[in-house]
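This is what each chain is made of:
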Amino acid sequence: MFKLFHPNKIFQITSKAPKYILFLFVIVLSVGLTEALILSPEDYKQSDAVRIMYVHVPAAWISLGIFSSITFLSISGFIFKNKNFFLISKSLAPSGFVFNVIALVTGAIWGKPTWGTWWAWDARITSMLILALFYAMYLISWRIYESEEKVFKITTFITILGIVNIPIIKYSVDWWNTLHQPASINILSKSSIHSSMLFPLLIMTAAFALFSLLIFLMKYNTELIKIKNKGLDRL
Amino acid sequence: MINELLFMNGYGIYVFSAFIFTLSSFATLYFVTKTQFVKEQNKFVAKFGSLNTDKAKSAKSQRINKEILANASNN
Chain A
1 MFKLFHPNKI FQITSKAPKY ILFLFVIVLS VGLTEALILS PEDYKQSDAV RIMYVHVPAA
61 WISLGIFSSI TFLSISGFIF KNKNFFLISK SLAPSGFVFN VIALVTGAIW GKPTWGTWWA
121 WDARITSMLI LALFYAMYLI SWRIYESEEK VFKITTFITI LGIVNIPIIK YSVDWWNTLH
181 QPASINILSK SSIHSSMLFP LLIMTAAFAL FSLLIFLMKY NTELIKIKNK GLDRL
Chain B
1 MINELLFMNG YGIYVFSAFI FTLSSFATLY FVTKTQFVKE QNKFVAKFGS LNTDKAKSAK
61 SQRINKEILA NASNN
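Chains as they are written, first to last, in the numbering used here: chain A, 1 to 235; chain B, 1 to 75.
If you are wondering where the hints come from, they were derived from the structure by calculation, not from laboratory data.
Beta carbons: idealized from backbone N, C-alpha and C, even for Gly.
Among the clues, some could well be false.
Within a straight-line C-alpha distance of at most 25 Å, the following computed SDA-like cross-link-like pairs (lysine to any residue) qualify [claimed, not checked]:
| hint | chain 1 | residue 1 | chain 2 | residue 2 |
| --- | --- | --- | --- | --- |
| 1 | A | 112 | A | 22 |
| 2 | B | 47 | B | 20 |
| 3 | A | 81 | A | 187 |
| 4 | A | 226 | B | 38 |
| 5 | B | 60 | B | 38 |
| 6 | A | 170 | A | 160 |
| 7 | A | 226 | B | 20 |
| 8 | B | 34 | A | 232 |
| 9 | A | 16 | B | 43 |
| 10 | B | 34 | A | 170 |
| 11 | B | 43 | A | 112 |
| 12 | A | 9 | A | 80 |
| 13 | B | 34 | A | 50 |
| 14 | B | 34 | B | 47 |
| 15 | B | 34 | A | 22 |
| 16 | B | 43 | A | 142 |
| 17 | A | 19 | B | 20 |
| 18 | B | 34 | B | 66 |
| 19 | A | 19 | B | 74 |
Distance ranges between label pairs, derived from CB positions [stated by the list, open to error]:
| hint | chain 1 | residue 1 | chain 2 | residue 2 | range |
| --- | --- | --- | --- | --- | --- |
| 20 | A | 167 | B | 5 | 36 to 44 Å |
| 21 | B | 62 | A | 118 | 18 to 26 Å |
| 22 | B | 28 | A | 137 | 20 to 28 Å |
| 23 | B | 6 | A | 199 | 51 to 59 Å |
| 24 | A | 170 | B | 5 | 47 to 55 Å |
| 25 | A | 20 | B | 42 | 49 to 57 Å |
| 26 | A | 145 | B | 42 | 21 to 29 Å |
| 27 | B | 58 | A | 167 | 50 to 58 Å |
| 28 | A | 82 | B | 17 | 39 to 47 Å |
| 29 | A | 112 | B | 2 | 18 to 26 Å |
| 30 | A | 182 | B | 62 | 19 to 27 Å |
| 31 | B | 57 | A | 187 | 49 to 57 Å |
| 32 | B | 28 | A | 192 | 41 to 49 Å |
Reference listing, derived: stretches of chain A covered by chain B, where coverage requires no fewer than 3 residues with Cβ under 8 Å from a Cβ of chain B [said to hold, decoys possible]:
| hint | stretch |
| --- | --- |
| 33 | 89-101 |
| 34 | 137-148 |
| 35 | 159-166 |
| 36 | 175-184 |
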């Protein structure tokens with residue numbers, strides 16, 4: 001089954017896909033921005049400051065999703081001795097890190113008008129900052145270690161340590177008294193967010209997901225060409 | 001209408017800062033990734049060009065190498 005994931009086979013798809021993904025991303029983002037900035041209603045408590053949610057929440061969701069995927073792929077790569085899983089993880093990490101930084105910065109911007117402060121050492125914010133540090137450690141490891149074996153081990157170790165933080169981020173608002181409100185969107189039970197706000201939020205999430213897919217494909221293609229460059233040196 | 005949209009009941013500065021930061025992060029990440037990709041692709045084309053006929057033939061037998069070269073000529 002893993003032969004299906006062989007770089008030689010998937011490069012045919014990954015090399016052509018970015019231009020279509022970019023086109024789709026621009027369309028979905030334009031719809032999302034129109035909904036988020038113009039069409040969606042203001043909040044009865046937060047007024048127009050609520051619009052920051054449309055970039056803050058999708059960025060946070062996607063950074064958590066990418067880190068979970070990186071962990072799953074790294075562990076799978078280690079178990080099945082499949083280098084391509086590591087290559088996919090490495091290509092996912094830059095967009096995950098950028099989304100994490102976006103969540104932190106837009107959170108700070110949102111915090112000022114709603115809580116009266118740019119930063120607070122509250123459980124959710126602190127655990128998101130810790131996630132950014134794990135992302136940074138993961139990315140730096142790929143840069144500093146030359147040996148493949150070593151970098152596979154170290155990055156897998158970092159992701160295993162970091163994944164412990166994911167449920168802490170998710171449940172921090174329930175476990176501790178934090179400035180953050182409890183989750184408004186639940187998959188298993190009824191969401192407390194109104195559909196007029198949920199719709200733009202989902203559109204923006206789709207746009208952000210498309211952007212992370214675009215960056216992943218470009219990064220993955222770059223990594224494959226790097227490998228082929230080394231291959232030409234050996235000829 | 002435009003003033004209302006920009007002012008946003010006094011929150012415009014926060015809302016637009018958040019959106020501008022997000023979009024500029026996207027643009028930066030996209031251009032950095034694109035530059036790295038083009039750099040590696042150009043390196044590949046240059047290396048391929050320096051191979052002798054036999055080595056070039058052997059390298060071209062791999063489908064992925066052919067794809068990289070085709071993509072480079074399309075860009």
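Against the structure, the hints:
no.	hint	verdict
1	A:112 to A:22	33 Å, violated
2	B:47 to B:20	40 Å, violated
3	A:81 to A:187	35 Å, violated
4	A:226 to B:38	11 Å, holds
5	B:60 to B:38	20 Å, holds
6	A:170 to A:160	17 Å, holds
7	A:226 to B:20	33 Å, violated
8	B:34 to A:232	22 Å, holds
9	A:16 to B:43	20 Å, holds
10	B:34 to A:170	33 Å, violated
11	B:43 to A:112	47 Å, violated
12	A:9 to A:80	19 Å, holds
13	B:34 to A:50	33 Å, violated
14	B:34 to B:47	20 Å, holds
15	B:34 to A:22	12 Å, holds
16	B:43 to A:142	21 Å, holds
17	A:19 to B:20	24 Å, holds
18	B:34 to B:66	20 Å, holds
19	A:19 to B:74	12 Å, holds
20	A:167 to B:5: 36 to 44 Å	40 Å, holds
21	B:62 to A:118: 18 to 26 Å	53 Å, violated
22	B:28 to A:137: 20 to 28 Å	21 Å, holds
23	B:6 to A:199: 51 to 59 Å	23 Å, violated
24	A:170 to B:5: 47 to 55 Å	35 Å, violated
25	A:20 to B:42: 49 to 57 Å	23 Å, violated
26	A:145 to B:42: 21 to 29 Å	26 Å, holds
27	B:58 to A:167: 50 to 58 Å	51 Å, holds
28	A:82 to B:17: 39 to 47 Å	43 Å, holds
29	A:112 to B:2: 18 to 26 Å	25 Å, holds
30	A:182 to B:62: 19 to 27 Å	54 Å, violated
31	B:57 to A:187: 49 to 57 Å	55 Å, holds
32	B:28 to A:192: 41 to 49 Å	35 Å, violated
33	89-101	holds (count 4)
34	137-148	violated (count 0)
35	159-166	violated (count 0)
36	175-184	violated (count 0)
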